[in-house]
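Going down the list, the protein sequences come from chains Z and H.
Quick note on my numbering: the first sequence kicks off at 1 and runs consecutively.
Quick note on my numbering: the second sequence kicks off at 1 and runs consecutively.
It is worth saying that the hints were derived from the structure and are not from the lab.
Just so you know, these numbers come straight off a predicted model, no measurement behind them.
Keep in mind that the hints are not guaranteed to be accurate.
Unchecked claim - Here are the simulated lysine to any residue pairs, SDA-like style, with alpha carbons at most 20 Å apart:
(1) K145/H / N273/Z
(2) K152/H / G57/Z
(3) K208/H / K152/Z
(4) K58/Z / K10/Z
(5) K208/H / L93/Z
(6) K152/H / K251/Z
(7) K145/H / K208/Z
(8) K301/Z / S329/Z
(9) K251/Z / G305/Z
(10) K152/Z / S97/Z
(11) K208/Z / T161/H
Number of protein chains: 2
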Amino acid sequence: MCMDYDKLVKEFGAERFEVMPDELKDLRMAKYIVSHRDFLSISKKPFAIVSGRGPSGKFHLGHLATFMFVKQMQDKYKCRVFIPFSNDEKFLLRGISFEDAQNYAMDNLLDIIALGFDPELTDIIIDLYNLPQDLYNLAIRVSRKITYSTVKALLGFTSETNIGLSFYSAMQVAHILYPTMKYGLPSVVIVAIDQDPFIRLTRDIAEKLGYHKPGALHLGYIPSLQGEQKMSSSSPYSAIFTTDDPETVKKKVMNAFTGGRETLSLQKEKGGNPSICSVYAYLDLFGADTEQIKKDCVAGKRMCGDCKKELITLLNAFLDEHRRKREKSKNLVRKFLK
Amino acid sequence: MCMDYDKLVKEFGAERFEVMPDELKDLRMAKYIVSHRDFLSISKKPFAIVSGRGPSGKFHLGHLATFMFVKQMQDKYKCRVFIPFSNDEKFLLRGISFEDAQNYAMDNLLDIIALGFDPELTDIIIDLYNLPQDLYNLAIRVSRKITYSTVKALLGFTSETNIGLSFYSAMQVAHILYPTMKYGLPSVVIVAIDQDPFIRLTRDIAEKLGYHKPGALHLGYIPSLQGEQKMSSSSPYSAIFTTDDPETVKKKVMNAFTGGRETLSLQKEKGGNPSICSVYAYLDLFGADTEQIKKDCVAGKRMCGDCKKELITLLNAFLDEHRRKREKSKNLVRKFLK
């Protein structure tokens, strides 16, 4: 599966950054920003960030990287962050049990809280756990503006789609407009680019309800360890989960797809290719000195084994710390689920 | 508009009472019970009553009579009563403003509380005001079992129907199953017979979710003062509202359709026809000695003016008392909206 971002951006009518804004370019996720909507105008004044989580499994490093980015944005802009957990959608879409839909949400919640979000500036809502009345009311107001034929055309629903999933479109729009309704702040949605149809739907509804149209930062996918474009929770060697123990992390990294040559001597002669290397991508995301690594790799002075060892050390130190924070997060849940 | 109850009962596959059960026959609304589903089996053990209110205007005597019946059922069976207010549906269906959907609910709530429901045994939920998380969760579980093609076939929705209204089908099913989910009590729904499609849908879903199938008591309509089969909130002389002042009540009753003859002398000679008389119907519902009235009317010994005078006195005394209780209800709202 290879996503053609250029095609999507063009098809969706989103904007490219001609020059990456200063505030974003020093963030490690900046290179994953594919496109945006109205970010430059909205970010001039106070705004809120909306970035949801659809909990259908455990948290992996791809999920974590996105929310690390959201947290960095909160620090940079001192902005309100709203994190809706759409476990209703996952229950309706995936056929998981109701209990799993709740358990995954509670589990993932700890990973997010562990990243250090400011509880005063962060609202987390789990649709099937602490849905506020005013969010349901907003979803109802939104739903009056959306016909079945709209969701059919936009999202590919059929007459056999359950009515919960159709209604969830309204709930998702309500998630995006919630900070605007509640605090009068325009929303910037941080989201994978393939979710843009919801942004377009929301911009349309926002206008009808008299709210500020939401903006967006569209993210591309963090590559999988196997070199696919996107990490998959179902393929065991594709993703590292936040709860993986050091030995598992080691195994997965040792099996990872790299940009190295077939043999050591070829690598020394011709150099590797960091741009397709999943190990390089993770070293970059988790804070290694990749400028030097890149030079050495391309020059044939650094072997894949060195990078893998460095990544194993880096990730295990990071995850060790993350798991400690994750344990402490259990005491903070109430602060976030207001 | 004349509803053919026989046809509906047959078409819907509901049951007629061969003999009206003792517990019901002494209730003044008994003659409005058209049919039922499983009432005789469910009422042998503890059960809950569900009877909803769709607040799209002020309360009139037709609404009041239904809830007086529900209250009498609570007294008789000491049963739990659940009264869901579907102001979400009214907002989605009627195009009323969001504010009106809330205001009508709060207004109608006072009329219901004024009837003397036991707060310990009565749950009132206004969907857009105090929707409990567990009711939303139940609606989501229900919605996974209903496709768009089902609501299309059952309720006549089209692709231009808004997705909120489609989803409301799941919410209504959840309303009916709520006491079963929450307290383990099978529900008996007290409802106008034309709402039976929702009962059938709920019985189907209940089975799929492993809940006891709800039963029902189907009510026919209280006639309008103008002799139509159903009171209408939009036709000013058709219904008496609980907030009508004594002078208005007098005017409406004086204008009411009766079973009387064209002239006094013809009435004395041939007698009147109580079975088509709206004034007689209201005297009956609000506790007059209708056995004697009927005899005298048919015998030509009682004129329509007498009946109208008696009804004006009766209703104004009743409404005077009701409005007093309605005022006091304002202090009880919190007890019911748990």
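Hints, one by one, checked against the model:
With a CA separation close to 51 Å, the supplied pair K145/H and N273/Z exceeds the 20 Å bound. Between K152/H and G57/Z the alpha-carbon distance is near 34 Å, which puts this suggested pair outside the 20 Å criterion. Proximity of K208/H to K152/Z is assessed by CA-CA distance (about 26 Å); at most 20 Å being required, the pair is judged violated. Our distance criterion of 20 Å between C-alpha atoms is broken by K58/Z and K10/Z, whose separation comes to about 33 Å.
Using a Cα cut-off of 20 Å, the hinted pair K208/H and L93/Z holds, with the two alpha carbons roughly 18 Å apart. A C-alpha spacing of about 53 Å is found between K152/H and K251/Z, which places the hinted pair above 20 Å, so the restraint is violated. For the hint pairing K145/H with K208/Z, the CA-to-CA distance comes to about 31 Å; that exceeds 20 Å, so the pair is violated. Restraint check: the Cα-Cα separation between K301/Z and S329/Z comes to about 42 Å, which exceeds 20 Å; the hinted pair is violated.
Taking the CA atoms of K251/Z and G305/Z, the gap is about 13 Å. The hint holds against a cut of 20 Å. With a C-alpha separation of about 25 Å, the suggested pairing of K152/Z with S97/Z is violated against the 20 Å cut-off. For the given pair, K208/Z sits about 17 Å from T161/H by alpha-carbon distance, which is consistent with the 20 Å threshold.
In summary, the structure is inconsistent with hints 1, 2, 3, 4, 6, 7, 8, 10 from the numbered list given earlier, while agreeing with the others.
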